[in-house]
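Protein chains in written order, with our numbering: chain A, 5 to 168; chain B, 185 to 687.
No lab work stands behind these hints, which were simulated from the structure alone.
A quick note: this is a predicted structure, and the numbers were derived from the prediction, not measured.
Among the hints, erroneous ones may be present.
Said to hold, decoys possible - Think about it this way: if two alpha-carbon atoms lie no more than 35 angstroms apart in a straight line, the pair counts; the simulated DSBU-like pairs of lysine-lysine are:
hint, chain 1, residue 1, chain 2, residue 2
1, B, Lys678, B, Lys375
2, A, Lys32, B, Lys527
3, A, Lys7, B, Lys615
4, B, Lys469, B, Lys288
5, B, Lys468, A, Lys7
6, B, Lys472, B, Lys288
7, A, Lys95, B, Lys472
8, A, Lys7, B, Lys375
9, A, Lys137, B, Lys527
10, B, Lys678, B, Lys615
11, A, Lys32, B, Lys375
12, A, Lys95, B, Lys527
Unchecked claim - Only some residues are given here: those of chain A computed to face chain B with a beta carbon under 8 angstroms:
hint, residue
13, Ile35
14, Gly40
15, Glu131
16, Val159
17, Glu160
18, Ser163
Don't be surprised by glycine CBs; every beta carbon is placed ideally from N, CA and C.
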Amino acid sequence: MTKSDHVANLVVLALGVFVAYHSYYSLKIGILITPGAGFLPFLCGLALIALGIFWRLQAILFKSPPKADSKGPTAVVCEVQPATLPRSRVKLCLAFATTVAYACLFERIGFFLATLLFMLGWQLVVERERWLKAIIITVLCAAAMYTLFSYLLRVELPSNPLLS
Amino acid sequence: MGIFDGIISGFFIALTPMNLMFGFLGALIGTAVGVLPGLGPAATIALLLPITYSISSPVPAVILMAGIYYGAMYGGSTTSILLNLPGEAASVVTCIDGYKMAQKGQAGPALGIAAIGSFIAGSVAVVGLTLFAPPIAEFALGFGPPEKFSLALLGLLMAVTLSGESVTKGLIIMVLGLLFGSVGIDPISGKSRFDFGVIELQSGFDFVTLAVGVFGLGEIFYNLEQEGNVEIVTTKVGKVFPAMADWVKSRMAILRGTLIGFFIGIIPGGGAVISSLVSYAVEKKVSKHPEEFGQGAIEGVAGPESANNAASSSSFIPLLTLGIPGNASIAMIFACLLIKGVKPGPFLIVEHPDVFWGVIASMYVGNIMLIILNLPLVGVWVQLLRVPYGILAPVVILFTAIGSYSIANQAFDLYALIAFGVLGYVLRKLKFEAGPLPLAFILGPMIEGSMRQSLLMSGGNFLIFVTRPISLTIVAVFALFVVGQAVFAIRRAKRSAGVQAAV
């Protein structure tokens, strides 16, 4: 069991305990002939606890063999696997932050302006493109999105409160 | 309405200009998605689900979604053969021999046989769907709550056991899906569940937000972290029509692949991925030259590609007849039908014959469209890979955000979308198969409702699920399946232990 699997296992167990407790005491499970609102969630909570324990037991009973020497053939296989680089992790964090900012601004400044800022932010911060290229991509993409959703599909999207 | 009358009326519906346009659009988008690695059919259908709100009738909406699904199966082979990059999961096996063929300068015949095999298998499977679906639907009309419960739960469990490497992890995801499905007001008692004082949670999570978040946004986050997304295409495609010798070599592989794919596709969880794997294994086993497999054997391309297309058509059988989606993509089509006010299941053929027969007939038309789109235009599709990920990724995120927001016009759905995106990313990182999540989410209310009704009918006795003949049969079939899988796993473990001891 890897470190992340270990954490995930604890999360599953904790979630199971919380769901079972909340379903039993707050939602009420009722009686078998008329199960209450908490009946299925309670069973789900118990199932999560059981699965969490089973997962842990599996990891203890069927331990994976120790990793081969790094000079062996396994090392060659590992090289082919897509490597996670620090830069790509930074990129992911920036992309996540840009997406969260877009969600926060979407209703506040309107769809079009938020989309412009999101695309520009993505090209400059996440992709590190040059200004001119970033502006061209941003304007083209935002205009295409606006045309597709607002004009062709007639989706109701928030407009800028100041402009409207 | 008999099968013949039904399919004729279906063709009248499928061949209207609007439905033809939606079918073509679906096939076009599906092929593009199949070609582009990192964006599967489930994610794309989820991304386009909100668009179905603006399509007035359910028939074109489902034709569009179905087109994307089987179009992706066609397109998936292109990048597998040319770049060793599977465009979607079902084309992973095609990489083995397809890429080797491309390296030997036989990319054209490999692409050609993949498209022709896909066409034959897809067409045969649609004939099977036409013949098998009506009697199954008629049989399912007699199902009561206990049968519905057994079928939905056991279908779900089957999907879990077949969908990923770890059954335990699959079951955890399934339970999570059931829990997400239970958020909001309980339809029987009226009590709000897991809303934690948030008003928006009282109406529960929307399927589109969950699906788009986990499959769309989660996939984008995961891909961003990987190094080197797309290679520049340098392979020359050449002539795509296979020579007579290639055709003679692959015809039996196509036939076997079709049969394997059709039957595996019917099983919940079976689907395109497993059928292509099984087909490859069978081809290697029956071949007189198994040593050629892995070195560019055309049967290794023809069989799996036929199998995954046959499976994608036959997986509509449990959806249209029993209301059970067998995989994540079909669950999206299930959601699309629900959005349009159509409940898939045994009554579909009676209540909405236009949807039932129209969709089936559109598959015949779609298969013809796909072979036209795939064979002569393969070079154009390959050019799609030149679109930089730096543009594709934010555009997909914009689609997911606008799609989620447009359902209820509330910013809360955008935050829920990001949360599901993070969940999707974490699941990918921890090697959890996310497929059971939307299946359980969509089947959860049906499972809970039929379980409560069954318990009311039996006076609180759980034995009702094994004392009624049909329900008992379903339980017995599942038990046999589990025992079979366990025996298979033990034999495989023993064999590998034997090999290790020998080494």
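Structure-based check of all given hints:
Between Lys678(B) and Lys375(B) the alpha-carbon distance is near 51 angstroms, which puts this suggested pair outside the 35 angstroms criterion. The straight-line distance between the Cα atoms of Lys32(A) and Lys527(B) is roughly 30 angstroms, inside the 35 angstroms bound, and the hint therefore holds. Proximity of Lys7(A) to Lys615(B) is assessed by CA-CA distance (about 13 angstroms); at most 35 angstroms being required, the pair is judged to hold. Of the supplied pair hints, the one linking Lys469(B) and Lys288(B) holds, its CA atoms being roughly 24 angstroms apart against a limit of 35 angstroms.
Between the alpha carbons of Lys468(B) and Lys7(A) the distance comes to roughly 39 angstroms, so the proposed pair goes past 35 angstroms and is violated. With a CA separation close to 21 angstroms, the supplied pair Lys472(B) and Lys288(B) stays within the 35 angstroms bound. With a C-alpha separation of about 50 angstroms, the suggested pair Lys95(A) and Lys472(B) falls outside the 35 angstroms cut-off, and the hint is violated. Pair hint Lys7(A) plus Lys375(B) does not hold up; C-alpha atoms about 39 angstroms apart against a cutoff of 35 angstroms.
With a C-alpha separation of about 48 angstroms, the suggested pair Lys137(A) and Lys527(B) falls outside the 35 angstroms cut-off, and the hint is violated. Proposed proximity of Lys678(B) and Lys615(B) is supported: the alpha carbons are some 25 angstroms apart, at most 35 angstroms. For the given pair, Lys32(A) sits about 10 angstroms from Lys375(B) by alpha-carbon distance, which is consistent with the 35 angstroms threshold. Simply put, Lys95(A) and Lys527(B) have alpha-carbon atoms about 43 angstroms apart, too far for the 35 angstroms limit, and the pair is violated.
The criterion of a C-beta within 8 angstroms of any C-beta in chain B is met by Ile35(A), whose closest approach is roughly 7 angstroms, and the hint holds. Using the Cβ-Cβ criterion of 8 angstroms, the hint placing Gly40(A) at the interface with chain B is satisfied: the shortest such distance is roughly 6 angstroms. Residue-level restraint check for Glu131(A) holds (minimum Cβ-Cβ distance to chain B is 4 angstroms; threshold 8 angstroms). A cut of 8 angstroms between beta carbons decides the hint on Val159(A): the least distance to chain B is about 5 angstroms, and the hint holds.
Given hint, Glu160(A) at the interface with chain B, holds; its Cβ is 6 angstroms from that chain's nearest Cβ, closer than 8 angstroms. The interface hint given for Ser163(A) is broken, as the beta carbon of that residue sits about 12 angstroms from the closest beta carbon of chain B, more than 8 angstroms.
In terms of the numbered hints stated before, the structure departs from hints 1, 5, 7, 8, 9, 12 and 18, listed from lowest to highest.
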